[in-house]
Structures are given as C-alpha cells and as structure tokens.
Amino acid sequence: MKVSDQRQPWPGRPLWAEVDLDALAHNVRVLKARAQGAQLWAVVKANAYGHGAVGVARAALEAGADGLCVVCLEEAEELREAGIGAPILVLGPSEPAQARRIVELGVIPTVASRELALALADAAAARDLLQPVHIKVDTGLHRFGLRPPEAIALARFLRQVPQLRVEGLFTHFASAEDGDKTYTLEQYRLFLAVAGELDWVPVRHVSNTATILDMPEMSLEMVRPGVGIYGCYPAGPRPDVELRPVLSLKSRVQRLTWLEPGESVSYGRTWRARRRSLVALVACGYADGLPRVLSNRGWVLVRGRRAPIVGRVCMDMCMADVTEVPDVAVGDEVVILGRQGEEEIRAEEVAALCDTISYEVLCGIGPRVPRLFLRGGRVVGMELRKGHLSGDLAPATAAPAAEAHE
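Per my numbering, the sequence shown starts with residue 1, numbered consecutively.
Worth flagging that the hints you see were computed from the coordinates, not collected in a lab. Quantities reported herein were computed from a predicted structural model and do not represent experimental measurements. Glycine included, every Cβ here is placed at the ideal spot set by N, Cα and C. Hints are not guaranteed to be accurate.
[As the list claims (entries may be wrong)] Computed spacing ranges between beta-carbons, pair by pair:
#  : residue 1 : residue 2 : range
1  : Asp355    : Glu260    : 31 to 39 Å
2  : Arg127    : Asp178    : 20 to 28 Å
3  : Glu74     : Ala174    : 42 to 50 Å
4  : Gly341    : Glu197    : 41 to 49 Å
5  : Pro149    : Ala125    : 47 to 55 Å
6  : Pro149    : Gly179    : 25 to 33 Å
7  : Glu62     : Gly37     : 15 to 23 Å
8  : Glu343    : Glu221    : 39 to 47 Å
9  : Val241    : Arg276    : 30 to 38 Å
10 : Ala174    : Glu324    : 42 to 50 Å
11 : Ala235    : Glu74     : 53 to 61 Å
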C-alpha cells in the first residue's frame, strides 16, 4: 500500500507520522562508516526519539547496528517483548529491585553501586549466568555516573564478583556539539586516564552523534549515535556528511473557511484577516507534537507551498492561511514536518522557531499519532499506538536472553 492512497489504513483523525526506514538505514551506514571500525549501538530511548522504538530498532539492526541503547529497563522490556534479541545497554540508573528482571531479559545494565552489583550477582547465580555490566564515568556532565576514583574502585570490586563481567566503560560529553572543543577534550583525556587504570575492560565508548561527526578519532571500540540516525545534525548541516530526515508528520485539510477582513480565528483572537482569507483546518495540535509557540509563526506545506499557521495552535488542531495555495481542497495532504514537492520543513527549523533543539521536537510527537514504517515508499508496518505493531515489522515470538549473557 502506498502512503499517498486516500484511504486511511487506520480509523480516526487524518494525522500520521511516516518513518522512512530507507533513510534510517542510510544514516546508520553513514555513521558506522565514519566510526573507524567501532561497533555502532543505536540509541532508541524515548520511543526512538518519537519514531517508534520497535520498528526503528529492527531496521537499525538490519542496517548494521551492533546493539541498542535505552535509558531504562522498561524500554528494554518493550524491545524484548517485541522479539528483539540483540544486545541492549541500559544507559540510565537501575535499582537493585530490578536485578532479577535485568538478568531474565538478558540486558546490560549500567552499574553505579555495590548494592545493584550484588543483587545482579545473586540473580545471575540463580540462573548460572555471567552477567555483563557497564560503568559510567562522570568526567564533567555531572548528571549520572561515578567520579573517576569511585568508578575505578567499583570496577575493581566488580572484577572480584564471579557472576559479573565488566564489559564496558563509558562517559557522556557535556558540549560535544559546540564549536569550541576544549571541554570535550578535557573530558576525553580524563576518561582515557580512567580507562588506563582499568585496561582489562574490553569496551570503551564516549561518542554521540556530534563526536562521530566532528571527532571520529574518539570512536574507540563503540559509538552511541542518537539524533544522527534520525537524520538530524546536532550543530547544523555538514556538507561532507549526508544525513537524511527519517520522520515526516502529515495530516489533511479537514475544512476550508473564508474569513472576511477583520474576522479572527482560534482562541484569543490573536490573528485577524487583513483581507478575504481562506483558512484550512488541520488535524494536528499541541497534544500531537505541534508546539503551541508556533502560533502565528510556524508553517505547514500544502500542494508544495508554504502556508503560515494562523491563530493559536489548539490541543487537537491548528489553522493555516491557504489563500495563496492554488486549487486547495478538503482532503489535501498537509505536511507539518517533512518534504512536499521542492519545499521542506525540517525538525531543526521548527526547533529554531521554538528556541529549542530538534530532539525535543521529535520526542514531542504524541502517542496518539500513528507511525507508518516505509520501505521503498510503501508501508511495511504500522504502530497505531505505542508498542503495538502490525505488518512486516510485527514480532513473531518473544526473544530469549541475548547470547552474550549465557
């Protein structure tokens, strides 16, 4: 089925996100080639930055990703229940009470305490498994992780626990996307000093998308790209690296209304027609991920032309002035994010208008927006609500624990 078909493949509002798996695969390959032989573990936290975690994870692995990164156990659980058996690293904190489930799922936790370590050891011993763990070194972000002396001490303690294997050591940069790399280099040197004290740990990783693009020599044994696999640049486009936007957000014109000069539209009467104006009703609001700050300043695409958003963005809908769009009709496709004809609205553009970052724009796309997964321009799977896939991407059976833990 082609996405351009007028018939909706789901009931309800004409609003959907298209996730281009060909573009995702391209981005994975480009970033992996730039990583100088390092493994690439795709970051699919926050529902794959709003794209749909299960569908994205499958496509990233098919494109050559070696593993997946999430931020919490619940995200790992969703992937395992969908039948994904690849290695999964939990980047964020875990609690000792979660240890048994971590071992059952065969995922790799980030350990920051002896309490969690011992709980994991007990759970692994009960299953006669060797449980891999990673340690995060706080080199300057000062969010989650252990200061260098604490990280070294914990690693040496874990080395003495028979059921545990310290498989990885990592850090996260505070300002890798900045043009001034001074602080990033300071963090990197501090990390290497810690790694030098723990030279028996086989895997080191520090690189996010910005680091892969700007400092590929820091790729070490593993890289963790996030926003780059979704086709966004952390600090503006790079002429030497082509990343392709993966997600488009689309709707249709639901209604057309002529307004006379002086008449207003939407709450607060913040926009009034200065001439006889044709206003389109679009089924996308701030509950769906269209920021309210775009009221009277954002754009949508209709019939290949930019149409300004007029009036306040509502919870469930917005309005656009389509007076200058020839032959506009009810049912016409409306692009909120993505390309139509020669025009394109990228997440970076929307982020700039909202004084935020593309990450927030993508993650803000609401759970009631269906995700359609495309290959070759055709739908191969749908996520009608979070975690429920249909089509070729739907799971067959639940996955066993990853082989690395046996």
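Open item on the list: Given the hint of 31 to 39 Å, is the C-beta distance from Asp355 to Glu260 inside that range or not?
Closed with: Holds: the Cβ-Cβ distance is about 34 Å, inside 31 to 39 Å.
Open item on the list: Holds or violated: the 25 to 33 Å window for the beta-carbon distance between Pro149 and Gly179?
Closed with: This hint holds: roughly 32 Å between Cβ atoms.
- [ ] Could you see if the CB distance from Val241 to Arg276 stays within 30 to 38 Å?
- [x] 47 Å, violated
Open item on the list: 41 to 49 Å was suggested as the range; check whether the CB atoms of Gly341 and Glu197 agree with it.
Closed with: 57 Å, violated
- [ ] Return holds or violated for the Cβ distance of Glu62 and Gly37 against the range 15 to 23 Å.
- [x] Holds, at about 20 Å.
Task: C-beta pair Arg127, Asp178: status relative to the range 20 to 28 Å that was hinted - done: 45 Å, violated
Open item on the list: Quick check: does the Cβ-Cβ distance between Ala174 and Glu324 fall within 42 to 50 Å?
Closed with: Once the Cβ atoms are compared, 45 Å apart, the range 42 to 50 Å for Glu324 and Ala174 holds.
Open item on the list: Taking 42 to 50 Å as the stated bounds, is the beta-carbon spacing between Glu74 and Ala174 within them?
Closed with: 26 Å, violated
- [ ] Confirm or reject the claim that Glu343 and Glu221 have a C-beta distance inside 39 to 47 Å.
- [x] 42 Å, holds
Task: Outcome of range test on Cβ distance (Ala235, Glu74; 53 to 61 Å) - done: Since Ala235 and Glu74 have Cβ atoms about 31 Å apart, the given range 53 to 61 Å is violated.
Open item on the list: Holds or violated: the 47 to 55 Å window for the beta-carbon distance between Pro149 and Ala125?
Closed with: Cβ of Pro149 to Cβ of Ala125: about 29 Å, so the range 47 to 55 Å is violated.
Hint check: violations occur at hints 2, 3, 4, 5, 9 and 11; the rest are consistent with the structure.
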